[in-house]
Amino acid sequence: MLNTHPKRGSSWEGIIIEQVIGQLSLSSPGTEFFFWMTATRQEADLLIKRSAQLIPVEIKLHSSPRKSDVKGLFACLRDLHLKKGYVVRPSGKTYTLGDGVQVVTLKELLSEFEKMS
16 MLNTHPKRGS
26 SWEGIIIEQV
36 IGQLSLSSPG
46 TEFFFWMTAT
56 RQEADLLIKR
66 SAQLIPVEIK
76 LHSSPRKSDV
86 KGLFACLRDL
96 HLKKGYVVRP
106 SGKTYTLGDG
116 VQVVTLKELL
126 SEFEKMS
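Quick note on numbering: the working numbering labels position 96 of the sequence shown as 111, and the sequence is numbered without any gaps.
Calculated directly from the structure, the hints in this document are not laboratory data.
Since the model is a prediction, treat every value here as computed from it, not as a measurement.
A virtual CB, placed ideally from N, CA and C, is assigned to each residue, including glycine.
There could be a bad hint or two in this list.
[Stated by the list, open to error] Here are the simulated lysine to aspartate or glutamate pairs, DMTMM-like style, with alpha carbons at most 25 Å apart: (1) Lys99 - Asp84; (2) Lys86 - Glu28; (3) Lys130 - Glu28; (4) Lys108 - Asp94.
[Stated by the list, open to error] Cβ pair distances, simulated, as ranges: (5) Leu125 - Ser26: 30 to 36 Å; (6) Gln38 - Thr109: 15 to 21 Å; (7) Gly45 - Thr111: 16 to 22 Å; (8) Ala67 - Lys22: 33 to 39 Å; (9) Glu129 - Gln57: 25 to 31 Å; (10) Lys22 - Met131: 17 to 23 Å.
Given the sequences, and given the hints that come with them, work out the whole structure.
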């Protein structure tokens, strides 16, 4: 029943956002977190500001998100002139969607932020 619940994706998104904010707040004090959306409702679930760098993150419960699943993330990259973004999914190997977007797990995303420190 849980696998088909209509709030399943929203719940996953909330858990990931809480984990990212909690971890980065501890490891990189001063990091800021935002939700990004355009007037046409293109959105990125999380926009992270570390020092002068902005990094958008989209969160998907889907096991293998495609470029068409994260149009808002690509709009964010384009509109803010950013070079890198991430899609977080539950499990699997890292792969790229092109144009600077990597599909990763939560563990891999947090590891990427450790490397940036």
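Now the hints, each set against the structure:
With a CA separation close to 17 Å, the supplied pair Lys99 and Asp84 stays within the 25 Å bound. Pair hint Lys86 plus Glu28 holds up; C-alpha atoms about 17 Å apart against a cutoff of 25 Å. A threshold of 25 Å between alpha carbons decides the hint, and for Lys130 with Glu28 the separation of about 24 Å falls inside it, so the pair holds. Between the alpha carbons of Lys108 and Asp94 the distance comes to roughly 28 Å, so the proposed pair goes past 25 Å and is violated.
The hinted range of 30 to 36 Å is not satisfied by Leu125 and Ser26, whose Cβ atoms lie roughly 20 Å apart. Distance hint check for Gln38 and Thr109: the Cβ-Cβ separation is about 18 Å, which falls inside the suggested range of 15 to 21 Å. Range check, Gly45 to Thr111: Cβ separation about 29 Å, and the 16 to 22 Å hint is violated. For Ala67 paired with Lys22, a C-beta distance near 36 Å keeps the hint of 33 to 39 Å intact.
Between Glu129 and Gln57 the Cβ separation comes to about 29 Å, which falls inside the hinted range of 25 to 31 Å. Between Lys22 and Met131 the beta carbon distance is about 33 Å. The supplied range of 17 to 23 Å is therefore violated.
Checked against the numbered hints given earlier, this structure breaks hints 4, 5, 7, 10; the rest are met.
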